[in-house]
Amino acid sequence: MSSVDPREVQSLQMYLQEYSQQAEMVSRQLAIMEEGIREGNGAIESLRMIHESDGGIVLLPLGGGVNTRVRVENPDHYLVNIGADVVVSKTKEDSVSFLQERITEMNASYKNLSEALGRLQSQIRDISTRLDYLYKQSQEEQGRRQGVSTGVSQKIR
Amino acid sequence: MSEVISPKIQNQITMLQQLQQQMQTLLNQKNQYEIAAQETRRAIEELNETSDDAEVYHSIGTVMMQRPKSVVLENLTEKAENFEIRISSIEKQEKLVQEKFESLQAQVKAAMEGGSQAA
Numbered sequence: 072m073s074s075v076d077p078r079e080v081q082s083l084q085m086y087l088q089e090y091s092q093q094a095e096m097v098s099r100q101l102a103i104m105e106e107g108i109r110e111g112n113g114a115i116e117s118l119r120m121i122h123e124s125d126g127g128i129v130l131l132p133l134g135g136g137v138n139t140r141v142r143v144e145n146p147d148h149y150l151v152n153i154g155a156d157v158v159v160s161k162t163k164e165d166s167v168s169f170l171q172e173r174i175t176e177m178n179a180s181y182k183n184l185s186e187a188l189g190r191l192q193s194q195i196r197d198i199s200t201r202l203d204y205l206y207k208q209s210q211e212e213q214g215r216r217q218g219v220s221t222g223v224s225q226k227i228r
Numbered sequence: 003m004s005e006v007i008s009p010k011i012q013n014q015i016t017m018l019q020q021l022q023q024q025m026q027t028l029l030n031q032k033n034q035y036e037i038a039a040q041e042t043r044r045a046i047e048e049l050n051e052t053s054d055d056a057e058v059y060h061s062i063g064t065v066m067m068q069r070p071k072s073v074v075l076e077n078l079t080e081k082a083e084n085f086e087i088r089i090s091s092i093e094k095q096e097k098l099v100q101e102k103f104e105s106l107q108a109q110v111k112a113a114m115e116g117g118s119q120a121a
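For the protein sequence lines, the chains are P and S, in the order given.
Just so we're on the same page, my numbering is the position in the first sequence counted from 1, plus 71.
Just so we're on the same page, my numbering is the position in the second sequence counted from 1, plus 2.
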């Protein structure tokens, strides 16, 4: 009779799979958030530069590396997407503070998610260690059983 | 290392896994609606803080059309309410599936314990 409980192994494998999936999902969310923070900071920089250029020409990307020259008609007002498919006209200052608020929120969420990912990774490590131990124990028992049966067959011969 | 599990228990375990998947699907749906509701509520807050004469554009089909602020606010409020209704409906379904899961789990546990005691 083996001392390794197959139900424990099965349950640990299930937890390992579940936690790994969760960790992958959190990692994806972190990457999205990182991209959002980078995009927000880039937009703030662009707003400042357009304002400073005071009616200068900027290049508007059309995709595929193609740009067109554009003169910003009103560098004091911008159209900001506030979510839920709604765009609102805001002054440059309000647009910047809107973006900064969003960046602050994303930074806070990023920190929380990073902590959650750390906890998940620690749980994954613990489960993997336990599973490794159980596999080794099971293999050792199997080896011992084979050793005993070989010994018996040698005696019979 | 292996123990024989009766076909009845195996069937119950399969059902448990299906219920778990169902709960996961409901949870994902609820999360999506919660995110959408939160986004809508935030847009309402943002619009309320915007001056009444500000240009407001709302997505209609594939274009953004300029609309009066009051109309957009009304649309968003309706949208947020719809999301809340969907969320509470999913919560009711979640509760039912959870109850089924717990009852079946107790049955499987009792059967497994009974089986191991008999062995």
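No lab work stands behind these hints, which were simulated from the structure alone.
In this text, a Cβ means the ideal position worked out from N, Cα and C, and glycines have one as well.
Do not rely on the hints blindly, as some may be mistaken.
Quick look at which bits of chain P chain S covers, simulated, 3 or more residues with Cβ under 8 Å [as the list claims (entries may be wrong)]: (1) 88-102; (2) 158-165.
Computed list of lysine-lysine pairs in DSS-like fashion (alpha-carbon distance at most 25 Å, straight line) [to be verified]: (3) 10(S) / 81(S); (4) 32(S) / 182(P); (5) 71(S) / 163(P).
Status of the hints after comparison with the structure:
Under a criterion of three residues with beta carbons nearer than 8 Å to beta carbons of chain S, the stated coverage of the region 88-102 of chain P fails, only 0 such residues being counted. With 4 residues having a beta carbon nearer than 8 Å to a beta carbon of chain S, the region 158-165 of chain P meets the requirement of three or more and the stated coverage holds. A hinted pair counts as satisfied when its Cα atoms are at most 25 Å apart, and residue 10(S) with residue 81(S) does not qualify at roughly 46 Å. With a C-alpha separation of about 24 Å, the suggested pairing of residue 32(S) with residue 182(P) holds against the 25 Å cut-off.
The straight-line distance between the Cα atoms of residue 71(S) and residue 163(P) is roughly 20 Å, inside the 25 Å bound, and the hint therefore holds.
Hints 1, 3 from the list above are not met by this structure, while the remaining hints are.
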